[in-house]
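Okay, here's what each chain looks like letter by letter:
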Amino acid sequence: MSPDPFALSCPRPLRHDTVQLAHGGGGRLMKDLIEKVFLPALGTDPQGLHDSAVLEAGGARLAFTTDGFVVHPRRFPGGDLGELAVYGTVNDLAMAGARPLALSAAFILEEGLPFEELTGLVRSLRAAADRCGVRVVTGDTKVVDRGKGDGIFITTTGVGLVPPGVEVHPRRVAPGDAVLVSGDLGRHGIAVMSVREGLAFETPIASDCGPVHHLAAALLEDGLDIHCLRDPTRGGLASVLNEIASAAGVAIEAREEAVPVDEAVAAACEILGLDPLYVACEGRLVAFLPAAQADRALTLLRAHPEGIGATVIGRVLDGPAGRVTLRTSLGTTRLLDLLSGEQLPRIC
Amino acid sequence: MKYVDEFRDGHRARVLAEAIRRKVTRPWSLMEVCGGQTHSIVRFGLDELLPPEVSLIHGPGCPVCVTPVALIDQALAIAARPEVTFCSFGDMLRVPGSAEDLFAVKSRGADVRVVYSPLDALALARELPHREVVFFAVGFETTAPANALAVAQARKEGLENFSILVSHVRVPPALEAILASPQRRVDAFLAAGHVCTIMGTEEYVPLAAKHHVPIVVTAFEPVDLLQGILMAVSQLEEGRAEVENQYARLVQAGGNRPAQALIQEVFQVVDRTWRGIGGIPESGFGLRPEYVRYDAAQRFAVSEVGGAESPDCQSGLVLQGLLKPMDCPAFGKACTPDHPLGATMVSSEGACAAYYRYRRFAPVETR
Chain H
1 MSPDPFALSC PRPLRHDTVQ LAHGGGGRLM KDLIEKVFLP ALGTDPQGLH DSAVLEAGGA
61 RLAFTTDGFV VHPRRFPGGD LGELAVYGTV NDLAMAGARP LALSAAFILE EGLPFEELTG
121 LVRSLRAAAD RCGVRVVTGD TKVVDRGKGD GIFITTTGVG LVPPGVEVHP RRVAPGDAVL
181 VSGDLGRHGI AVMSVREGLA FETPIASDCG PVHHLAAALL EDGLDIHCLR DPTRGGLASV
241 LNEIASAAGV AIEAREEAVP VDEAVAAACE ILGLDPLYVA CEGRLVAFLP AAQADRALTL
301 LRAHPEGIGA TVIGRVLDGP AGRVTLRTSL GTTRLLDLLS GEQLPRIC
Chain W
349 MKYVDEFRDG HRARVLAEAI RRKVTRPWSL MEVCGGQTHS IVRFGLDELL PPEVSLIHGP
409 GCPVCVTPVA LIDQALAIAA RPEVTFCSFG DMLRVPGSAE DLFAVKSRGA DVRVVYSPLD
469 ALALARELPH REVVFFAVGF ETTAPANALA VAQARKEGLE NFSILVSHVR VPPALEAILA
529 SPQRRVDAFL AAGHVCTIMG TEEYVPLAAK HHVPIVVTAF EPVDLLQGIL MAVSQLEEGR
589 AEVENQYARL VQAGGNRPAQ ALIQEVFQVV DRTWRGIGGI PESGFGLRPE YVRYDAAQRF
649 AVSEVGGAES PDCQSGLVLQ GLLKPMDCPA FGKACTPDHP LGATMVSSEG ACAAYYRYRR
709 FAPVETR
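In order, the protein sequence lines correspond to chains H and W.
Residue numbers are given in the working numbering: position 262 of the first sequence equals residue 262, and the series is strictly consecutive.
Counting from 1 along the second sequence, just add 348 to a position and that's the residue number in the working numbering.
Chain H with its partners taken away, still in its complex shape:
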């Protein structure tokens, strides 16, 4: 047979009339959702978007943030939903350079949720708050019909105090900055996936779920000129670098060999066809600061058990704005792009 003439195929472009899962994936569709639905209706912070908003009130600067937690399964190796609800919000406050003050917690409970499980999660939420030195000072409870919720959803809101002189914001990131991570990447995403999908790996992988506010404080209290901090949650390191490069109008280059990924996480990613640079962490921070101060920052981070794996993974370059590239182990360069939604495990 002759393959000519070929019947070319082309479906018409998809238009999303409804919310898709990928709109919550931390990638380009989520950015679209925020920019096209929420910001036009609700207005935007003239300072630009960050993990926390910073509000001036009576001479003080308050960091203010909120986060919803819907992780399934609710218990995973290395943590649970209750802890995550505290650390997620405490870490978002810390990324604005703030010292966490207090949290609120709102619970949406599904009819039929066993009290034993609820009590366990609330206890671990309390233990996490104690560990971070914050109190849960207000809350709310709603119960929905069976089938109208996934057992339990928790939303926490946090306020924190930004110390005088601290100015941590994406717009401050500048060419010449070094990019640091506080430890190895991708543990949380793979830990949750391994339980959710019933994947058993030879080496069990525990989530990195934990607070990083003390790491941020160590850097700031030493007087380092921290330009920006971010915790690489949904969408992973690659999404953080893309967001910062766009917000600051700079280019960022990461070095593949420098990015720390645990052997077991790397192996799991290879098997599933995932790129660890896009897999979520829940106990890591990414810091941007002048390259000359990078060594000092590493020393400070490594003094804490949670920062022992801290390392420099890249640098900020002078434009083109928003471009993030990866120097591969072979010495070639490729784009490190924002994904559309979450990564999908591939066929073979």
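Honestly, I wouldn't trust all of these hints.
Computed list of chain W residues with no C-beta within reach of chain H, every gap over 12 Å [unchecked claim]: (1) D353; (2) V372; (3) P430; (4) R474; (5) P554; (6) E585; (7) L610; (8) P637; (9) E638; (10) F648; (11) V653; (12) A702; (13) R705.
When the alpha-carbon atoms are kept at most 27 Å apart in a straight line, the in silico DSSO-like pairs for lysine-lysine are as follows [to be verified]: (14) H:K36 to W:K672; (15) W:K371 to W:K672; (16) H:K148 to W:K681.
What the simulated footprint calls covered on chain H by chain W, stretch by stretch (three residues with Cβ under 8 Å from a Cβ of chain W suffice, anywhere in the stretch; the number is not a length) [said to hold, decoys possible]: (17) 28 to 39; (18) 100 to 113; (19) 266 to 275.
Hints were generated in silico from the structure; no laboratory data involved.
Glycine included, C-beta positions come from ideal geometry on N, C-alpha and C.
Place chain W on chain H using the hints.
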């Protein structure tokens, strides 16, 4: 990571690239058949290491990309049924049919699940005896044995609520079609390593002889690919046209006989339509008559379902190596991973998606 790091070693890669540079005396076009190879080449920037004489053409070996739109529409029709739990590998969920994708059907309430193996779908069928569990059996020869095993197992257990929607394709007839094309630009093939772990290398020997084309069975890591390219270029420069095996650590000439026997038991060779390419005789697997009651297309009477294809997307040319993704007028404009015109922009193994993700801009000059 053991068995991976040594095949991503920068020094070994540069030594091989240098050997290719020394060997080559004139322009050659090599087609890497498998989408996994394309992905590695673009992800690691291997083409940057090659001399200008060697051009790589990306082949049709992405199972997601070549699954015809009619079959996606059938999958959507089945998945939308209230009694069905539809199971698929992750990267099929975002592939557009003629109107929408599986994610959209899921968002309206369909029970669509990502699984990692057809045996996971089989386990679901056992767990959910009152649901019709359907697995979307897509892929080349690599995934055929596991799918055959699932069907054979379902029959053995008498699981009547399990079926598969089959869209299996075979590599050799596609290579034959590419070689027979009057627009042929391919001087040599890097054959798909994983396909050959199952099928072996023997069925490529007649193809190499008939068309006088070197075929090098090649794996997926950077050092593997560069070694495969060196072997192919050496053959071309020396006027040889043989089947060689770069992936000897896994591929045997006879392949995996028990896996082949499973395929034989459950599937038979059938004609298939390739998305963007058209009909190719004997280029796929379908269920044998003894197993036809596990055929989801028949069970749900969707064989006639299938939307029309529009003429704008050029993925057919991309899949035959006649067009580079970035030379397509729609690339990065009308066609992006968020709004893909064709499957090559969706799958992680699709050539357009690989270029979009890794190469949308020229590399930055840095030292």
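How the hints compare with the structure:
no., hint, result
1, D353, "violated, 9 Å"
2, V372, "holds, 19 Å"
3, P430, "holds, 16 Å"
4, R474, "holds, 14 Å"
5, P554, "holds, 17 Å"
6, E585, "holds, 24 Å"
7, L610, "holds, 16 Å"
8, P637, "holds, 25 Å"
9, E638, "holds, 26 Å"
10, F648, "holds, 21 Å"
11, V653, "holds, 14 Å"
12, A702, "violated, 10 Å"
13, R705, "violated, 5 Å"
14, H:K36 to W:K672, "violated, 33 Å"
15, W:K371 to W:K672, "holds, 26 Å"
16, H:K148 to W:K681, "violated, 40 Å"
17, 28 to 39, "holds (count 3)"
18, 100 to 113, "violated (count 0)"
19, 266 to 275, "holds (count 5)"
Violated hints, in rising order: 1, 12, 13, 14, 16 and 18; the structure is consistent with all others.
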